[in-house]
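Peer 1: Okay, here's what each chain looks like letter by letter:
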Amino acid sequence: MADTTSDAAIPTAVSHEEICELLDRLAVTPESNLIATLQDIQDHFGYLPAPALVELSRRIRIPLSRIYGVVTFYAQFYTHPRGRHTIRVCCGTACHVKGGGQVLEAIQRELGITNGESTTDLKFYLETVACLGTCFLAPVIMIDDQYYGNLTPTSVGTILRRFGAESE
Amino acid sequence: MNHLPPRRELSDLRQSVAERAKPEISIRVCSTGCRALGALAVCEAFECEVAARKLTSRVRVVRTGCHGLCAGAVAVVIDPKGIFYQGVRADDVREIVETSVVGDGIVDRLCYRLGDEVVWRQEDIPFYKHQTKLVLRNCGLIDPRSLEDYIAQRGYESVERVLSSMSPEQVIDEVAASGLRGRGGAGFPTGLKWRLGQAAEGSPKYVVCNADEGDPGAFMDRALLEGDPHLIIEGMIIGAYAVGAERGFIYVRAEYPIAIEHTQTALAQAREAGLLGSNILGYGFDFDIEIRKGAGAFVCGEETALIASLEGRRGMPRPRPPFPVTFGYSGKPTVINNVETWANIPRIIEMGANAYSQIGTAGSKGTKIFALAGKVKNTGLVEVPMGATLRQIIYDVGGGIPGDGQFKAAQMGGPSGGCVPADYLDYPIDYDSLQQIGAIMGSGGLIVMDNTTCMVDIARFFTDFVQAESCGKCTPCRIGTRRMLEMLERFTCGEGESGEVEQLAKLGEMINKASLCGLGQTAPNPVLSTIRYFRDEYDAHIHERRCPAKACRHLLSYRIIDGVCVGCGACRKVCPVGAVEGKPKEPYTINIATCVRCGACVQACKFNAVSVD
Ligand SMILES: Cc1cc2nc3c(=O)[nH]c(=O)nc-3n(C[C@H](O)[C@H](O)[C@H](O)COP(=O)(O)O)c2cc1C
Ligand code: FES
Chain A
1030 MADTTSDAAI
1040 PTAVSHEEIC
1050 ELLDRLAVTP
1060 ESNLIATLQD
1070 IQDHFGYLPA
1080 PALVELSRRI
1090 RIPLSRIYGV
1100 VTFYAQFYTH
1110 PRGRHTIRVC
1120 CGTACHVKGG
1130 GQVLEAIQRE
1140 LGITNGESTT
1150 DLKFYLETVA
1160 CLGTCFLAPV
1170 IMIDDQYYGN
1180 LTPTSVGTIL
1190 RRFGAESE
Chain B
-17 MNHLPPRREL
-7 SDLRQSVAER
3 AKPEISIRVC
13 STGCRALGAL
23 AVCEAFECEV
33 AARKLTSRVR
43 VVRTGCHGLC
53 AGAVAVVIDP
63 KGIFYQGVRA
73 DDVREIVETS
83 VVGDGIVDRL
93 CYRLGDEVVW
103 RQEDIPFYKH
113 QTKLVLRNCG
123 LIDPRSLEDY
133 IAQRGYESVE
143 RVLSSMSPEQ
153 VIDEVAASGL
163 RGRGGAGFPT
173 GLKWRLGQAA
183 EGSPKYVVCN
193 ADEGDPGAFM
203 DRALLEGDPH
213 LIIEGMIIGA
223 YAVGAERGFI
233 YVRAEYPIAI
243 EHTQTALAQA
253 REAGLLGSNI
263 LGYGFDFDIE
273 IRKGAGAFVC
283 GEETALIASL
293 EGRRGMPRPR
303 PPFPVTFGYS
313 GKPTVINNVE
323 TWANIPRIIE
333 MGANAYSQIG
343 TAGSKGTKIF
353 ALAGKVKNTG
363 LVEVPMGATL
373 RQIIYDVGGG
383 IPGDGQFKAA
393 QMGGPSGGCV
403 PADYLDYPID
413 YDSLQQIGAI
423 MGSGGLIVMD
433 NTTCMVDIAR
443 FFTDFVQAES
453 CGKCTPCRIG
463 TRRMLEMLER
473 FTCGEGESGE
483 VEQLAKLGEM
493 INKASLCGLG
503 QTAPNPVLST
513 IRYFRDEYDA
523 HIHERRCPAK
533 ACRHLLSYRI
543 IDGVCVGCGA
553 CRKVCPVGAV
563 EGKPKEPYTI
573 NIATCVRCGA
583 CVQACKFNAV
593 SVD
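These protein sequence lines map, in sequence, to chains A and B.
The numbering used here applies: residue 1030 is where the first sequence begins, and numbers increase by one.
The numbering used here applies: residue -17 is where the second sequence begins, and numbers increase by one.
If you are wondering where the hints come from, they were derived from the structure by calculation, not from laboratory data.
Treat the hints with caution; some may be incorrect.
[As the list claims (entries may be wrong)] Among the chain B residues that face chain A by a calculated CB cut under 8 Å, a handful are:
| id | residue |
| --- | --- |
| 1 | PRO198 |
| 2 | VAL556 |
| 3 | GLY560 |
[Stated by the list, open to error] Residues of chain A clear of chain B, computed beta-carbon distances all greater than 12 Å:
| id | residue |
| --- | --- |
| 4 | HIS1045 |
| 5 | ARG1054 |
| 6 | GLN1071 |
| 7 | ARG1087 |
| 8 | GLY1121 |
| 9 | LYS1127 |
| 10 | PHE1192 |
All C-beta atoms in this analysis are idealised placements derived from N, C-alpha and C, irrespective of residue type, glycine included.
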């Protein structure tokens, strides 16, 4: 997935000490499972900072190129910080049949970003997913871990504006 | 084989479960799928209300898995009367407790309705009446975080029976005789797979539960893991014993946090009770299971890709043979089965292969769980015997199409499957019959489509999905799906040319023959099946630049009908781009240049004054 967030807007202040501390705590060795370790690192930082991958490569003894191969293969690894609130828009079959495409477009118009992007104020991150497993609410989106269902292009705009105001 | 002293944990547990005081009344609240509509707040409200009225000794609030009727979220059932309430919110709780727990009445407004008639008893609701709950028996009944609840429903009896009195060969014979076929999509006979795994050379051996469930529109595996995780663990212990495996993995999609949480809890409880770990129940058999989370790649549901992912690599499939049963995780024999397949195993042992094989058709035994969604009234989770017809599922159980929509097709098997048209509504469905009509059972996603769904657009939709999820290893899939998508996109924009449908079909057949794994091989199915049954819709797009279902937006234009519009301004209010122009009380107009064709005005207009052509 293309990660189009511009680097300029983002402070990348991840210290080497913090990285080492985390990898110590995770007890990373050449026997560790790469994907599970990457998930732990991402849980900690919210994304996978480049310096952390360099240090990981040294400890787990896997070439950095292969680590990047894995990171870019899976949709749920992020190499850049994302907006504080993640909006997941379902583009699964049930949601598509019930007008999910129009809901996605309404969100894109409202926030001025597309799939895989964050707003410039880093408030929202937008991603599309194949099915949220709540097809009975179709069309449905999630903002962080809250579901919003039976949406229309109009109602989703209201939800975003209300969420934006409340989360200030 | 029983040389070690028998262990007491499980029998002690059974004892205490048997002695446990039965509550007079239980309030069963779905706390998993219904969470999307505030189920946790409803659970808390019931718990508070019961405590405040000092009823805790008589009344138990059970946080269960999915009741099945997701359209009625939040769903609550009150036993022993079996009262079914739907659409429950925290505000309704006091009234429910007052009326149906303390009192003896029914809150009519929260009941299921058939026309004007109130149907308050769960077993009288057609949705439940027409199902056969075999695998889903505990789902919605027990608290999935309670081992005691599971044991009270004959839980882990099958494991005990297997370890105490059956040889691995006998277990395999029993599973083979049951006729069980893999529920992950392809329908491979499970007994045969286990026999191959048992015979394979190499150790250690592994068993894997495939809970990647990537088909959009499918949520059966999620509901099983969330609602009855011990059932899957029990199935895996039996399978591991049969094939001689020491370790197991459950590979779950990361998008399923509740399933992961409940499975983790269940694994810890099973370990504590001596059902996992070394010397299980004192029978000298060692086995343990760990959970691995996926990282967002549909192709990882394919078994060889799943193994690559378990090993920490990019989830790329490889050619088979060798099959995972001989060359799997770390190059060792590995038996991979789907969640629902594992969940059938304890039932087969419990009821015996003979009784089990009475359910279903000649070639497909047992039941199948479907995730029913799309244009159907009772969306949710449905379990029916193999051989049920689509009409039974969609109309008897599903309640038919809402509003004045007309059934057009059922999409079965997700991106690997096809669309089944109305002609086959009365066709018994099992693995083999679906194959014949160009669909597949798949994992069990069943999306109902009506006359407002465009079949060319659906073909485009699935091709878009597989194109994005193609891992890129083999050319037919990587480039072929891209080319198919480009053609379909042009069709939906009215830019197709005659002869292109034939080209598309030919390309699809080539991708099917030449791709490396199941993803590519089945990717053309949605396209081929829609061409087969809905050729007229393709022709309308290409020759008339028209979308009969009025779904392809590039072929539509919106117009406000002069004499019908009363100038109420509802359309103007909802239009997201300000394309509706005019003054209140006078007929409005739509500016075609700014209109994004989202359809919001059509929905908002109470006078049917917006026409779509
Ligand atoms: C692209 C692709 C995706 C698949 N996704 C799944 C899945 O999500 N869950 C699953 O159980 N099987 C999936 N399968 C099937 C598995 O490869 C495998 O056949 C299955 O897990 C075997 O279990 P069973 O015999 O119990 O059906 C998929 C296959 C392909 C080709
Ligand atoms: S298709 Fe959107 S939640 Fe399943």
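Peer 1: Broken hints, numbered, in rising order?
Peer 2: 3, 6, 8 and 9
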